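*Asks:* Just so we're aligned: the first sequence equals residues 25 to 904 in this note's numbering.
These are calculated hints, taken from the structure and not from any lab test.
Keep in mind it's a predicted model, so treat the numbers as computed, not measured.
The beta carbon of each residue, even a glycine, is placed where N, CA and C say it ideally should be.
Worth double-checking, as some hints may not be accurate.
What the hints assert, rightly or not - Cβ pair distances, simulated, as ranges:
1. Gly352 to Lys328: 22 to 30 Å
2. Ile829 to Glu28: 48 to 56 Å
3. Glu186 to Gln727: 56 to 64 Å
Claimed, not checked - Keeping only pairs whose Cα atoms sit at most 27 Å apart, straight-line, the calculated BS3-like set for lysine-lysine is:
4. Lys461 to Lys187
5. Lys461 to Lys608
6. Lys385 to Lys449
7. Lys154 to Lys142
8. Lys682 to Lys30
9. Lys782 to Lys854
10. Lys187 to Lys266
11. Lys859 to Lys880
12. Lys154 to Lys126
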Amino acid sequence: MQIEKKYSPKNIESEWYAHWIEKGYFRSEPDERTPYSMVIPPPNVTGVLHMGHMLNNTIQDVLVRRARMQGHNTCWVPGTDHASIATEARVVNKLKEEGIEKQTLSREEFLQHAWDWKEKHGGIILEQLKKLGASCDWSRTRFTMDKELSDSVSRVFIELYEKGLIYRGVRMVNWDPGALTALSDEEVVHREVRSEFYYIRYQIEGSDETIEIATTRPETILGDTGICIHPEDDRYRHLIGKKALVPLINRPVPFILDEYADREFGTGALKVTPAHDINDYQLGLKHGLPGIDIFNDNGTLNEKAELYIGEDRFAAREKVVRDLKENGQLTRVEEITNSIGFSERTDEVIEPRLSLQWFLKMDELAKPALEVVMNDTIRFHPPKFKNIYRHWMENVRDWCISRQLWWGHRIPAWYLPDGRFVVAKSAEEALIMAREKYGAGLNAGELRQDEDVLDTWFSSWLWPISVFDGINHPLNPEIRYYYPTNDLVTAPEILFFWVARMIMAGLEFRGEIPFRNVYLHGIVRDKQGRKMSKSLGNSPDPLSLIETYGADGVRVGMLFSSPAGNDLLFEEALCEQGRNFSNKIWNAFRLTQSWDMVPDMAQSGESATAIQWFEANLNRSLEIIEDHFSRYRIADALMSVYKLVWDDFCSWYLEMVKPPYQRPVDQITHRATIGFLNKLMRVIHPFMPFISEEIYSHIRDEQDAESIVVAPMPRASSYDASMEGRFSFAREVVMGIRNMRQEKNIPPKEPIEVFVRKNDNQPPDITFDGIIKKLCNISHLGYVQEKPEGTHTLIVRSTELHIPIAGQLNTGEEIRSLESELAYQQGFLKSTRKKLSNGKFLSNAPSKVVDMERKKQSDAEARIRVIEQQLRQLRRGQLS
RNA sequence: GCCCGGUUAGUGUUAGUGGUAAACCGUCGCCUUUACACGGCGAAGUCGAAGGUUCGAUUCCUUCACCGGGUACCA
């Protein structure tokens with residue numbers, strides 16, 4: 025068989041993926057096996073694959089594939105999210121490009137456009153995930169606005185309303201003047217910004233006196249309805265009962281006394297604008313000040329502002345400043361840094377605004393959801409996120425769930441003409457309910473459904489339940505089998521948006537946690553640590569990465585630098601490393617395929633030892649890998665696999681058993697080697713699904729599973745633990761000799777002789793002697809009592825290796841290197857001696873440590889003896 | 001401001017430990033050896049700073065510096 029020298033993943037990957045789908049390996053139906061279920065964090069339906077998705081889904085796929093090979097009935101449910109704000113904005117923009125304004129369309133017409141857009145562009149990302157190798161059960165693909173899922177949303181809305189947890193009320197909300205909707209607290213991102221701090225002089229009514237007030241938002245003076253001063257502030261106490269005139273519009277406003285005013289900050293006097301600041305709002309409530317809302321929805325000023333009507337708030341700010349300056353009421357301007365809220369979606373500056381919205385009470389939902397995380401019923405990986413979670417949960421405020429948008433789940437509330445309302449599943453039920461409640465005479469035309477939709481997260485929080493239809497049909501066999509899911513893999517960014525709320529929903533609607541483990545991975549950043557974004561243009565195109573390095577290579581590259589919870593500084597070189605690893609595996613395979621196997625050939629002792637050693641090593645590594653997985657240390661698990669394959673299998677094992685050029689290999693060794701390769705492919709399959717399947721398909725036995733996807737994951741079994749120690753000495757010898765060859769310029773082809781002098785009275789362990797001979801091209805390996813003449817000496821631990829060297833090269837350099845080694849050893853010896861002569865050390869340190877110290881001392885002494893002896897000899901030679 | 005987390009080789013990524021330090025990548029040097037140059041062999045660190053506890057601290061404690069995250073207030 026002719027096998028390419030370089031592994032090329034391109035066709036292999038797409039063919040295997042198609043094959044897996046055709047065989048239905050990713051499909052899951054409830055059966056008698058233990059389930060392993062997981063839901064995908066649904067990407068935005070209009071989204072395209074970016075590096076964050078690649079990382080997120082690679083991790084999930086590793087977990088799922090491993091669970092599948094461990095015999096679980098695995099179900100990874102894919103799907104997408106309708107993303108109200110983002111999708112609506114895109115559809116609005118697209119319509120604008122076609123010359124259609126949203127306002128000119130009816131709700132139904134707009135939604136038709138939105139659905140068309142979704143059908144056309146939605147779910148591209150899911151196709152892209154297939155390129156990555158994601159082993160989702162595609163037959164279960166869900167969308168948050170599917171019928172079942174939408175029904176689930178209104179059902180829980182009604183239930184929570186009836187329980188009194190959902191209420192409607194006027195509150196100060198975060199208004200996004202770009203998206204024209206209210207947002208929840210979580211959708212506001214606070215950033216420190218350099219701002220101007222304006223000092224403005226207010227006239228006292230009926231007097232020449234003025235009072236100075238500082239503000240960062242001078243345009244809001246037009247909504248001022250009071251001035252707050254501290255009750256004990258002597259500077260201003262005399263003003264009580266008087267009124268100040270709001271500059272430019274001369275509205276008289278009263279002084280109020282409240283300890284909220286900070287005497288140290290600004291001028292100590294605070295303007296109160298109850299309609300546009302949460303603290304002012306509370307002050308206004310407390311002291312009976314009216315609120316004057318001077319802004320329109322889009323952030324322009326309305327007629328209540330009296331001035332600059334129709335102008336944007338930032339333009340109005342400049343004009344207010346200009347006009348105040350002109351009339352001398354602006355006394356000075358300072359630079360300050362303050363924190364400003366921005367919309368997470370549109371990046372508009374959030375306008376705090378009084379508004380009638382729907383809210384969900386959080387206290388009762390938060391308590392049990394906090395408890396299950398703090399007591400590790402749900403485990404966070406890494407656990408450091410527990411603290412952050414607790415902090416949020418303990419300070420959670422009610423959730424504003426209504427959005428002034430059309431794309432999403434419409435709020436199931438119907439209003440009577442007088443504003444009273446009912447909450448019901450449908451218009452029909454609403455009518456019946458309204459008649460019962462408010463009078464039989466009502467007709468359908470008099471009821472109007474709420475215009476708003478629900479926050480997207482109000483559907484996402486049900487995701488682990490609703491994908492199995494567990495809200496509408498709580499006892500259906502699927503939800504009972506798959507819920508709770510096992511693991512959730514996501515980014516800490518959405519810990520509150522999503523994870524916390526899923527936990528609340530799970531406990532509230534199922535009485536059970538939604539998942540047992542939450543794996544939180546970092547953000548993919550570029551090499552300079554910047555978040556990858558379209559506008560920076562610093563994100564590589566995931567699909568072209570896959571094209572270049574293969575999905576296996578990219579997966580490995582992403583995972584290499586991705587310890588749990590830490591951000592990942594992505595470099596393309598990591599994918600290159602992944603690709604190189606593919607190639608290494610490929611060539612190991614190629615080597616085994618090039619061997620001629622002769623059935624009746626006797627197995628060499630070296631091969632038998634090599635097999636024993638690798639068997640032990642493999643099991644030890646499997647133990648380590650299992651431990652890493654059990655602690656969700658996926659990058660570490662991969663690193664262990666990488667070293668097992670590259671170092672242990674390729675660099676050591678294959679070199680040990682490799683037959684000389686064009687010579688055959690015996691049957692036992694051949695079979696064992698293929699068996700190892702088979703196991704290694706299975707261990708590696710969750711990380712590199714394609715190349716492992718390709719190689720497996722060539723080497724599998726008749727009785728093996730037909731595909732590696734469903735082959736059993738090797739498990740660690742008991743092994744000869746002494747092998748490791750014995751081999752590690754042999755490895756030091758081999759490395760020492762290789763090193764010496766390089767230093768002395770002895771080509772690998774030239775055979776050498778080695779005479780070993782042991783400096784202890786133990787019989788030598790010759791287990792690896794044959795292998796050492798083979799790996800170092802040693803023609804004769806013997807044990808001696810006396811150091812032979814004319815040899816170069818290597819010291820491994822306290823054993824001397826004497827190697828005759830044809831031409832003595834560079835004695836001086838050798839002396840120098842021995843001298844520096846001697847100095848190091850002497851320093852080392854000195855420190856151990858110091859310890860051992862310290863009575864306190866001997867009496868306080870555990871005896872194990874003291875023994876170790878004694879062993880170190882005797883080893884060092886032995887080494888020093890050998891070095892000194894050799895130095896003497898070299899110096900003699902130099903003199904003569 | 002408060003609360004977490006971090007600082008270990010090269011303005012890289014991370015393990016780890018009360019007994020003079022590991023891995024990956026990168027860099028550099030040598031090697032085109034018959035699986036693989038997408039390869040092989042090798043080199044380089046006062047474990048952020050200062051104190052303290054200890055026979056002994058990179059590890060435990062305190063303070064500080066810097067970085068990251070969360071969160072509050074900021075008129």
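*Asks:* Could you check the structure against the hints above and give me the numbers of any it violates, in ascending order?
*Replies:* Result: hints 2, 5, 10 and 12 break, sorted rising.
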